[in-house]
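Protein chains: 2
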Amino acid sequence: MRNIQHKLSVARGEQRTELVFTNARVVNVFSGEIYKTNVAVEDGRVIGFGDYGAKTTIDLEGAYLAPSLIDGHFHVESSMLTASEFVRAVVPHGTGAVVIDPHEYANVLGLDGIRYVLESTKNVAVDFFIMLPSCVPATHLETAGAKLTADDLKLMMHDERIVGVAELMNFTGVFLGSKSELAKIAAGKGKAIDGHAPSLRGKNLNAYVLAGVRSDHESVEVEEAREKLRLGMHILLREGTAARNLEQLLPLLNAHNSQNCSFVTDDKLAGDLVNEGHIDHAVRKAIRGGVPPITAIQIATINTARHYRLHNLGAIAPRFWADFIVFDDLKQFRVRQTWKKGVLVAENGKFLGKSPAKVPLPRSTMNLRYSPKDFIVKANGKKKIRVIEIVPNQAVTKEGTSSPTIERGEVVADTARDILKMVVVERHHATGNVGVGFVRGFKLKRGAIASTVAHDAHNVVVAGANDKDILFAIQELERLRGGQIAVADGKVLAELPLPIAGLVTDQPLPKAVKLIADLNAAARVLGCDLAAPFMTMSFLALSPIPGLKLTDQGLIDTTKPEKTSLFV
Amino acid sequence: MRNIQHKLSVARGEQRTELVFTNARVVNVFSGEIYKTNVAVEDGRVIGFGDYGAKTTIDLEGAYLAPSLIDGHFHVESSMLTASEFVRAVVPHGTGAVVIDPHEYANVLGLDGIRYVLESTKNVAVDFFIMLPSCVPATHLETAGAKLTADDLKLMMHDERIVGVAELMNFTGVFLGSKSELAKIAAGKGKAIDGHAPSLRGKNLNAYVLAGVRSDHESVEVEEAREKLRLGMHILLREGTAARNLEQLLPLLNAHNSQNCSFVTDDKLAGDLVNEGHIDHAVRKAIRGGVPPITAIQIATINTARHYRLHNLGAIAPRFWADFIVFDDLKQFRVRQTWKKGVLVAENGKFLGKSPAKVPLPRSTMNLRYSPKDFIVKANGKKKIRVIEIVPNQAVTKEGTSSPTIERGEVVADTARDILKMVVVERHHATGNVGVGFVRGFKLKRGAIASTVAHDAHNVVVAGANDKDILFAIQELERLRGGQIAVADGKVLAELPLPIAGLVTDQPLPKAVKLIADLNAAARVLGCDLAAPFMTMSFLALSPIPGLKLTDQGLIDTTKPEKTSLFV
Chain S
2 MRNIQHKLSV ARGEQRTELV FTNARVVNVF SGEIYKTNVA VEDGRVIGFG DYGAKTTIDL
62 EGAYLAPSLI DGHFHVESSM LTASEFVRAV VPHGTGAVVI DPHEYANVLG LDGIRYVLES
122 TKNVAVDFFI MLPSCVPATH LETAGAKLTA DDLKLMMHDE RIVGVAELMN FTGVFLGSKS
182 ELAKIAAGKG KAIDGHAPSL RGKNLNAYVL AGVRSDHESV EVEEAREKLR LGMHILLREG
242 TAARNLEQLL PLLNAHNSQN CSFVTDDKLA GDLVNEGHID HAVRKAIRGG VPPITAIQIA
302 TINTARHYRL HNLGAIAPRF WADFIVFDDL KQFRVRQTWK KGVLVAENGK FLGKSPAKVP
362 LPRSTMNLRY SPKDFIVKAN GKKKIRVIEI VPNQAVTKEG TSSPTIERGE VVADTARDIL
422 KMVVVERHHA TGNVGVGFVR GFKLKRGAIA STVAHDAHNV VVAGANDKDI LFAIQELERL
482 RGGQIAVADG KVLAELPLPI AGLVTDQPLP KAVKLIADLN AAARVLGCDL AAPFMTMSFL
542 ALSPIPGLKL TDQGLIDTTK PEKTSLFV
Chain Z
2 MRNIQHKLSV ARGEQRTELV FTNARVVNVF SGEIYKTNVA VEDGRVIGFG DYGAKTTIDL
62 EGAYLAPSLI DGHFHVESSM LTASEFVRAV VPHGTGAVVI DPHEYANVLG LDGIRYVLES
122 TKNVAVDFFI MLPSCVPATH LETAGAKLTA DDLKLMMHDE RIVGVAELMN FTGVFLGSKS
182 ELAKIAAGKG KAIDGHAPSL RGKNLNAYVL AGVRSDHESV EVEEAREKLR LGMHILLREG
242 TAARNLEQLL PLLNAHNSQN CSFVTDDKLA GDLVNEGHID HAVRKAIRGG VPPITAIQIA
302 TINTARHYRL HNLGAIAPRF WADFIVFDDL KQFRVRQTWK KGVLVAENGK FLGKSPAKVP
362 LPRSTMNLRY SPKDFIVKAN GKKKIRVIEI VPNQAVTKEG TSSPTIERGE VVADTARDIL
422 KMVVVERHHA TGNVGVGFVR GFKLKRGAIA STVAHDAHNV VVAGANDKDI LFAIQELERL
482 RGGQIAVADG KVLAELPLPI AGLVTDQPLP KAVKLIADLN AAARVLGCDL AAPFMTMSFL
542 ALSPIPGLKL TDQGLIDTTK PEKTSLFV
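Keeping their order, the protein sequence lines are chains S and Z. Here the working numbering is used: position 339 in the first sequence is 340, and no number is missing along the way. Here the working numbering is used: position 535 in the second sequence is 536, and no number is missing along the way.
Heads up, a few of these hints could be off.
If chains are identical, the list can't say which one is meant, so a pair holds when it fits in one copy or spans any two.
As the list claims (entries may be wrong) - With a straight-line Cα cutoff of 25 angstroms, these simulated SDA-like cross-link-like pairs (lysine to any residue) come out:
1) Lys190 to Arg13
2) Lys286 to Asn255
3) Lys204 to Arg13
4) Lys342 to Thr23
5) Lys192 to Asp160
6) Lys286 to Ala256
7) Lys561 to Arg13
8) Lys37 to Asn255
9) Lys123 to Gly191
10) Lys374 to Pro138
11) Lys469 to Lys512
12) Lys192 to Arg307
13) Lys342 to Arg215
14) Lys190 to Lys342
15) Lys379 to Lys399
16) Lys204 to Arg3
17) Lys385 to Ile5
18) Lys204 to Gly343
19) Lys192 to Arg215
Simulated from the structure, these hints should not be mistaken for lab results.
Work out the full structure: start from the sequences and follow the hints.
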């Protein structure tokens, strides 16, 4: 700690402190109490409770003072914002730290992506801690931009801000004892090892935990979460944009176990972060659901700091960073002020922090090789095709079949029957891989929508009513160096540039929120009635998740998992 | 983990497991529940809950199965037993692990003492974790056998069983920012930093915590403990032989803070361990005091394991060691069986574990240089002497005065007025240092009692009615290579050999308990009515604790702290 002698002297009361908060109703997450006291701050840290003379006094007049909130598991790319713009969105909601898994950056850019994340998350008003992605690529059935082995993880593990190994999504590999997966767990020795085990129960779950996995955020029902908690897993209560499991899981909590739970968002869109909130939203929801406010705040702060060993965060006590939130009502829990290291960084919904220095953007990741001929599907007299059936608001799909609509000997989209052509173009290594299939559920009447956000390999995905618009959409995304777009009849209706890895926009927060809204509106104009058409599309190439999927390598039957043919 | 592939296979249910406990009422410290299930064990570890085929089945018929208990702070030397005999005493009481501070060994033997502790605590039925002593020597006013600096601590800190820096007793040095003390804290970076701050409150306590101290076991009143808990200190609830603070501190606990508390004994004599119990005694007392049993067991297990980062201990879950206790009644909490790594090591009060291989004893530490003339106090016509006044059952003393009883021009003991002569002979470096003084409170009518256990420097201390018996007692202790003894008229009434550092006996547990009882009985025969005369004597040379003390350097006024004269 810098200037320790000076700080000790201030703590002993020999000199005035920089800043004191008087008449604070302190939420003490250690003693589990809320009581009135004064809190002294020097050089960004709490130095003590009590009556301290100060250069600056903030009279809180009985308002609540609690530690800033922590998100225990978040993919920052899901907001499509840079770290600095994400900070702008969440600091007014009281966020002080976030544990991120840069899984998407890593799938596109590998170690370079993680380096970019480390660099771009410095000197911002939120502390970023990083879990190293453990599943890059997700499977061998899609072509990602990079591959990370256990040796790669070891290379970075010693960085102080690297706090462990991120969600081990290949849970089958783990419980079957795959050497590569066990090596990744071993690489994180002494740090946190996150799990991802949707619906895993019983003996295979025992084995998954035995292998060393220590948390899970995939429970959607309370009995599943209880089984995991009993096995010693830290339970990450998820409340994001798509997955909203908190309410369902609240009955898990009793008077003796909340210390083993944290709030997380996993994925949350920029607009939702701004309008609904971040971890503060989970705290509100928990309190409304009957959780004692002190418990809800512990779950949102110290529990997460302890699990991930985030030093000097998550509590108000000497040596801890002066990361505070101020609020006026324990039940409403609306954050009025956010303080970071003793500096006011948000008030009444307005971000007051400084903008960090610009960080060099990573290299372009749009390396495509394709020709319009690749999109053509010869009918060859076949009578039945496989069709990807969208399940609204879910990452899973179903496999359907249909008679093909044929024009000039080619199978084509048929908007009358809600069958669109879907194309996936590999964009990392210019392999020339192009996958073509058909999808039902978008209901576009014309035009096309396209995106370079497509879990987990993030190749270019397009769904369209005709090859011309499909081609135009891809060309426009190349021009943008990545993005999301809605086109029709050779014209752009709306577009969101995502030049950072094809995942994240370089636009400021309000502009980004507007562009995303415009895109969804444009999709609706084209006929789509899905709540989140681009998020839905981003899951259609996700080969580890059940259903019929389309990757750059072609149609994938993920239940086997292996490639399958378009024609039945 | 060895044989991980095999264990995973067993966990998946593909092979029979070695051992399964059926119909167990499991105390789950993670989920905060008690419920019936089966627990499977392979190769010493839990591998899962559920229905497993097993080579050996233990039907618990509804008995409770909980994790073995952990003592968070103990000086094993206080039992005067070797590690293996201590294990024999506590395993029947359910102890599975103990965090020790070998403060006394280190004061006598330095790094050699810590090496001996590491060696002698291997392959026993209790896991020993070691905090490195931070106050060797305790002060410059007594001559200890060794000195440990921050650099010495760093030398050993990387050992897996070294879990931090032990109690920073020089709390004034810490809150004043003494470089040597801050360096010791820095040496423990990433590990636990234990405190010792009796009665420290307010701003100086803020500074003590700010410096990095993270626990305390010295609170005797609940408001003091609450202040420390609010500052983020882990509260070690002490219940030992002399210091019994648990009942007083129970009101500290509420539904939201027990995770920040652990049970500890600090110092506990062999007989008390055998007869009263160890951490099980604290659990019983807490339950009787109204603490929910699940909470009491969490405080005795997982809370301590987490605070000290004892991996895979303190809970029943996959990957954790199969360290269990079995008991039949949640309120009575009498341990019926203790299991260590899947092996039954105690049942119905009887230790069933193996004796470990003998460890070479450390070098002799009895290096005395003195002559009977050193004990003589010339009266020189003075009219008043300072007298150490014993405060029964406490480490503090008072300073009294008295007229000297003079024979042949020498100040002598006067049993009629309960004034004994006290002698301290330096025993580590043969410096020839001999301190002589007078003490009131032992009430010996004749003879002498002597000991090589004398906190913190552990020089030879004697209190006697005449110089002859004092000399005889010292000579006998030399013969024993350290010990405790009661003599009268040139005869040994009782003796306890302590050849290991002059602190610990080489005798087996039942013999040791008997010898200690015999010693106390002999002191009573000589006229002493103190409950624990040898423990009382062991504090009379303790220079950091308030009162008039006698070290090898002479009489010490510890309130200043500096040497003082016998004559007023």
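For each hint, the structure was consulted:
1. Lys190 to Arg13: between (39 angstroms within a copy, 23 angstroms between copies)
2. Lys286 to Asn255: both (17 angstroms within a copy, 24 angstroms between copies)
3. Lys204 to Arg13: This pair counts as between: shortest inter-copy Cα distance 5 angstroms, intra-copy 56 angstroms.
4. Lys342 to Thr23: within (17 angstroms within a copy, 53 angstroms between copies)
5. Lys192 to Asp160: both (11 angstroms within a copy, 18 angstroms between copies)
6. Lys286 to Ala256: both (18 angstroms within a copy, 21 angstroms between copies)
7. Lys561 to Arg13: between (67 angstroms within a copy, 21 angstroms between copies)
8. Lys37 to Asn255: Close across copies (18 angstroms), not inside one copy (27 angstroms); limit 25 angstroms.
9. Lys123 to Gly191: The answer is both: 24 angstroms in one copy and 23 angstroms across copies each meet 25 angstroms.
10. Lys374 to Pro138: neither (28 angstroms within a copy, 84 angstroms between copies)
11. Lys469 to Lys512: neither (29 angstroms within a copy, 95 angstroms between copies)
12. Lys192 to Arg307: Answer is both: 11 angstroms inside a copy and 14 angstroms across each meet the 25 angstroms cutoff.
13. Lys342 to Arg215: between (30 angstroms within a copy, 21 angstroms between copies)
14. Lys190 to Lys342: between (30 angstroms within a copy, 22 angstroms between copies)
15. Lys379 to Lys399: within (24 angstroms within a copy, 103 angstroms between copies)
16. Lys204 to Arg3: between (50 angstroms within a copy, 20 angstroms between copies)
17. Lys385 to Ile5: neither (75 angstroms within a copy, 48 angstroms between copies)
18. Lys204 to Gly343: between (49 angstroms within a copy, 20 angstroms between copies)
19. Lys192 to Arg215: For lysine 192 and arginine 215, both the intra-copy (10 angstroms) and inter-copy (20 angstroms) Cα distances are at most 25 angstroms.
The structure fails to meet hints 10, 11, 17 from the earlier list, while all remaining hints are met.
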